[in-house]
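Counting in the numbering used here, the sequence shown runs from 44 upward without gaps.
Calculated directly from the structure, the hints in this document are not laboratory data.
Don't be surprised by glycine CBs; every beta carbon is placed ideally from N, CA and C.
Just so you know, not all the hints are guaranteed correct.
[Stated by the list, open to error] Below are the EDC-like pairs computed for lysine to aspartate or glutamate, each with C-alpha atoms no more than 16 angstroms apart in a straight line:
no.: 1; residue 1: Lys97; residue 2: Glu131
no.: 2; residue 1: Lys249; residue 2: Glu186
no.: 3; residue 1: Lys205; residue 2: Glu142
no.: 4; residue 1: Lys97; residue 2: Glu126
no.: 5; residue 1: Lys264; residue 2: Glu191
[To be verified] Pair by pair, the computed Cβ-Cβ distance ranges are:
no.: 6; residue 1: Gly256; residue 2: Arg82; range: 21 to 29 angstroms
no.: 7; residue 1: Pro218; residue 2: Arg70; range: 36 to 44 angstroms
no.: 8; residue 1: Lys249; residue 2: Glu131; range: 31 to 39 angstroms
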Amino acid sequence: MARRVVIEINFNNYGIVPDRLKPAWIRNRIAIFRRYTLRCLRRQTYPDFLALLKVADESEPLLNGPMRKDWEDFPPNVRFGSERTCVEAIRAFASGYDELFVARLDSDDLYRRTFVQLLMDWKPKPGAVALINQYGYMWDTIENAMAEVYHFSPQFYTYIYKTKDYLDGYRIKPPAKGHGHVIKLPHELLPGRNYVNIVHGGNASKKKVPAHGRLNEQQIKAVLSEFM
Numbered sequence: 044m045a046r047r048v049v050i051e052i053n054f055n056n057y058g059i060v061p062d063r064l065k066p067a068w069i070r071n072r073i074a075i076f077r078r079y080t081l082r083c084l085r086r087q088t089y090p091d092f093l094a095l096l097k098v099a100d101e102s103e104p105l106l107n108g109p110m111r112k113d114w115e116d117f118p119p120n121v122r123f124g125s126e127r128t129c130v131e132a133i134r135a136f137a138s139g140y141d142e143l144f145v146a147r148l149d150s151d152d153l154y155r156r157t158f159v160q161l162l163m164d165w166k167p168k169p170g171a172v173a174l175i176n177q178y179g180y181m182w183d184t185i186e187n188a189m190a191e192v193y194h195f196s197p198q199f200y201t202y203i204y205k206t207k208d209y210l211d212g213y214r215i216k217p218p219a220k221g222h223g224h225v226i227k228l229p230h231e232l233l234p235g236r237n238y239v240n241i242v243h244g245g246n247a248s249k250k251k252v253p254a255h256g257r258l259n260e261q262q263i264k265a266v267l268s269e270f271m
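Please take these sequences and the hints and turn them into a complete structure.
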């Protein structure tokens, strides 16, 4: 079946950070995104996908006006937009295709450079609505410490839609709020370690690389070469 892949990134459209609407905060987060996540998006082996950074309605004029110079060099398939603008972009991108895979990613994390290709090749079992990545890495960029990690229901997942259903307004929702409940949906587990969860000092939530099983510097470089 004809399929499109979209990666949705919640940039500042919601959250607990009080400064998320301020230009200084936005500029800093764009710099973090550029340093990490953008590099993994540029390196995807399957380039025909759409990455949308979702912003609060009041931030869209700012990003498309005075702050446009901060991101105007992004590739054309990576763009900012409000909820409405993002839906319009998906409509233009996915109309005429049967399936739409919508992957979730934070603006400071990484997917393996073969991840979009994995989604394009995947043949979902009947009834599955979510694809979950349980295995990945955590990388502390300050200490340059990395370890393999496992999460039962992490924030790295993809929803499977019929394109028409999505464009008609249907949205998949877990039975309770939070990514920890996505595992309760009909799902499949994707093979391999497909994500890097990054600690950079400006994270909204506290994260720490496990002390056990840390990789050496050469191993870290080898892992990052597969992502960014």
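Against the structure, the hints come out as follows:
Using a Cα cut-off of 16 angstroms, the hinted pair lysine 97 and glutamate 131 holds, with the two alpha carbons roughly 12 angstroms apart. Restraint check for lysine 249 and glutamate 186: satisfied, since their Cα atoms lie roughly 15 angstroms apart, inside the 16 angstroms limit. Distance hint between lysine 205 and glutamate 142 is fulfilled; the C-alpha atoms sit about 5 angstroms from each other, no more than 16 angstroms. Proximity of lysine 97 to glutamate 126 is assessed by CA-CA distance (about 6 angstroms); at most 16 angstroms being required, the pair is judged to hold.
About 14 angstroms separates the Cα atoms of lysine 264 and glutamate 191, which keeps this hinted pair within 16 angstroms; it holds. Between glycine 256 and arginine 82 the C-beta distance comes to about 25 angstroms, which sits within the given range of 21 to 29 angstroms. Remark: the range hint 36 to 44 angstroms for proline 218 to arginine 70 is upheld by a beta-carbon distance near 38 angstroms. Between lysine 249 and glutamate 131 the beta carbons are some 36 angstroms apart, a value that agrees with the proposed interval 31 to 39 angstroms.
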